[in-house]
Each structure stands twice: as structure tokens, then as C-alpha cells.
Amino acid sequence: MFNRIRIWFESEKDAVPLSIVFLTSPLSPLSTLHKLKRLGLYSYLPEPSQLLDHLPDSFSSKMRETLRVAILSHKSGSREVINQKLSEVMSRTETELEIADYNISQLYQFISVFTTLVPSIIASVLFFMNLKNGVITIISAALFSVMAGFLGLTVFPGELRLPSPPKRYLALFLIVAPLYFIFNFELKLLLLISLASLIPSFLSWIFLSNKMKILREARELVRKANTTTFNLFKALEIEDPDFLLARRWFGIARAATTSLYLLALHGGGRLSDSLNLLESYYSRYLNALDRIRSKTRVMMFYSVIEALVIAGIYAILVYTLLFFANLPRYYSEAYTGAFYIPSTIELEFLKKSLDLVLTLNAFGLSIATSTSREGNPLYFTLYLPVIGFAMWIGYTMAFLYAPQLFGG
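Numbering-wise (my numbering), the sequence shown opens with residue 3 and increments by one.
Be aware that one or more of the hints could be misleading.
[As the list claims (entries may be wrong)] Here are the simulated lysine-lysine pairs, BS3-like style, with alpha carbons at most 27 Å apart:
#, residue 1, residue 2
1, K39, K213
2, K190, K169
3, K226, K236
4, K213, K226
5, K190, K134
6, K236, K39
7, K297, K134
8, K190, K353
9, K37, K297
10, K37, K236
11, K190, K297
12, K87, K77
13, K226, K215
14, K215, K236
15, K297, K215
16, K236, K213
17, K215, K169
18, K87, K37
19, K354, K134
20, K87, K39
21, K169, K213
22, K213, K87
23, K297, K353
[As the list claims (entries may be wrong)] Quick list of the computed label-pair ranges, beta carbon to beta carbon:
#, residue 1, residue 2, range
24, Q86, R225, 24 to 30 Å
25, L57, I307, 32 to 38 Å
26, L54, Y182, 42 to 48 Å
27, S63, I177, 41 to 47 Å
28, P243, M214, 20 to 26 Å
The set of hints was computed from the structure by calculation and includes no laboratory data.
Glycine included, C-beta positions come from ideal geometry on N, C-alpha and C.
Taking the hints into account, I'd like the entire structure generated from these sequences.
This is the structure we're talking about:
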């Protein structure tokens, strides 16, 4: 089952890049696929002869349509079929790209507001009625915020999804466990997690910068190739043709460099048209990625503001409950009437619960940001330090300021 899921995601990610290779290749689609598999690319795809007999149902609908068109072109013996059909597929995909940034921003706002801010407002009522129910509510909402963060994967274009940073970066979080039992201060889990994520954040940023550089490098190669009509390898100023097939290329960048490799080897009368088509499609996709990341950069800033506000709300609520809990009984009853005021022991439990809640909220907002900007939740380490520290600062500053609200 897990293998089918892996293949589905892999095929969804590769469908559009493979369509670009088919459209620009001087070879027929199935001959192109045969060549790609001999080069060690798209190894999970069946051999062309097997595709003629059966199209696997474990592939995404996009990949199935791409392969179905390739088979149809092979059977008809006409390249016009694949040019027309895949052009229609690419047109639909471009329309999806145009609305993707809107869908992502809307989903991001939903996740950030309804899984973090709204529960904190609800908690401000429940804490004065039944502390236990209030704690259960905010912990449940915090857990949901983490799961909801992955919803960005459903709307982020698969072909633009950036490769995952090395998972070994996450090993640095293991240091939190022993330190948690050594230190004793408020919101220690949130602060320790934020501190532990600093190095993974820096390493992930370097990794991401390198991947974005590779995407732009591939665009420069396509532009260079489009300036010549004969020796592509000479125009690209590369000595080893296998450079275009290196493992460093990924996604649409791999589609671009693989197409250049095939065009350089097999050329053909359509060389100029193929290069123009390749540059056009590649530029559109890279521009779409830049547009999504630019728009969500603003949303990321809002997340930091929201983190400050959420933590501040909880801090003021805790101080308010502490204020009434420490009043003499007759004053407390006069002020609160029928409202429920927890004991100091219950409030200590609330503080520890809030440490967990704010930590989960920081993870939820970080995952939502990474799935919306990079299409990959493993980049959450990029944003966790900023959001985590914002929550810790918001809580600490609000708790220090809270006495002013009571004339203290």
C-alpha cells in the first residue's frame, strides 16, 4: 500500500516534466521513454512494451493521461496527436498554476486563523467555565493545526514541489529530550524546540538556496541553447554531456536538461521550435513558483504576527486566572460571581498544557508555511525558529505587561 502511495506521488510530480520531454523530444514518445529508462530516469515507469498492454492504475490521473496520449501517438504513427493532446494538458496545467497561488493563500489563511487564533478565543470563555474542558479543547485544536498544516500538499502543484532536505537535520531535535528534564522555566518545551531548530533551519536554508539556484541554472542553460541552431553542447559550454543527466537536476529542471540532452544528440528539423517551446514552458513554471513563494512570503509575516497575538492572549488569560485565584475568597467571589476560578494547582497544570499547545501551534504554522511555499512539509525547520521565538516572546512580554491591566 505504501509503495502505491509513493508511486502515486512520484507520478503526480513527474507527469508535467515528462510531458515537456515528450513535447520537445525529436524522438517518438515511446522511443523517448525507452531512451529515458536506458539512461536511468523514471525507473518506476514500466517498459514501453508493457504500457501497450496495460496502463498501471497506481499512477496519478495526470501521469495516466500523459502516457495514454503517448500510446495513442505510437499507435496512430502521428506526432501531431501528441503535440495536440499534450498541448491541451499543458494549457489546463497552466490554468491550474494561475489559480494555485490564490488557493494556497486562502488555505493558508484558513489554517492559520481557524486552527490557532479561533481556539484561543474560545478558550478565553471556557477557562472561566470549566478549565479541564478548556485545556482539552486547545490541545485538540493544536493537534488539528499540525495535521491541517499538511493540507497545502493538496493544492500545491506537484511538479513545482521542491526536494526534501536531508532527514538527518532533524536529529538535532533529539537534544531537547534530556534538556527538558534538566531545566525548569515557563514554556521550556517551546523555547528548547525553537533553540534546537536554529541549526536545522540554517542548514535547510542553504539546501533550499542551492535547489533554487539549480532551477535558475537550468533556465540559463535553456536560454543559451536557444541562441544556437547547430552544436548545442558547444553553445552550453559543457565538456561532458552527462552533466545534463546528473542527479542534481530535479523536477522541471530535470525535464529541461534531459530535453536538451536528447535534442543535442538527435537534433532534427524541429530543433529551433523545440527549444522555443522548452524555454516558454520552463519560464512559465519557474515564474509560477516565484509568484507562489512571493505571495506566501507576506502570509509568513502574518503568521509571525499571529503567533505573537495567540501567545499574548493565552498569557493574559493565565495572569487573569492567577490574579483571581490569589485574591482572598470574599474578594474573589465578589469579583467573579458565578464564574469558575481554578485553584493555583490547576493553573500550574494549565501552564504546562499551554507549553505543549504553543509548541504544537508553532509546528502547525511552520508546516502550513512550508507546504504553501515549498510544497514540502520537511521545510518546516526553516520557519519554526521564527514562529517559536515569536510565541515565546509574545507570551513572556504579555505576561509581564498583564499586571498593568489590573492597575499593578
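27 Å Cα cutoff - pair K236, K39 = holds, 26 Å
Agreement of K297 and K353 with the hint, judged by alpha carbon distance not exceeding 27 Å = Measuring from Cα to Cα gives roughly 36 Å; hence the hint is violated.
Could you check the hint for me, namely that L54 and Y182 are 42 to 48 Å apart, CB to CB?
-> violated, 59 Å
Within a Cα-Cα threshold of 27 Å, do K213 and K226 meet the stated pairing?
-> Holds, at about 20 Å.
Take the C-alpha atoms of K354 and K134, compute the straight-line distance between them, and say whether it is at most 27 Å.
-> holds, 13 Å
Is the straight-line distance between the alpha-carbon of K190 and that of K134 27 Å or less?
-> holds, 22 Å
Within 20 to 26 Å or not, the Cβ separation of P243 and M214?
-> holds, 25 Å
For the pair supplied as a hint, K236 and K213, confirm whether the alpha-carbon distance does not exceed 27 Å.
-> holds, 25 Å
Hint consistency between K226 and K215 [alpha-carbon to alpha-carbon, up to 27 Å] | holds, 16 Å
Is 32 to 38 Å right for how far apart the beta carbons of L57 and I307 are?
-> Violated, since L57 and I307 (Cβ atoms, about 49 Å apart) do not stay within the stated range.
K215 and K169: Cα distance at most 27 Å?
-> holds, 21 Å
Given the hint that K87 pairs with K37, test it: the Cα-Cα distance must not exceed 27 Å.
-> Answer holds: K87 to K37 is near 22 Å, not above 27 Å.
The structure fails to meet hints 7, 9, 11, 22, 23, 25 and 26 from the earlier list, while all remaining hints are met.
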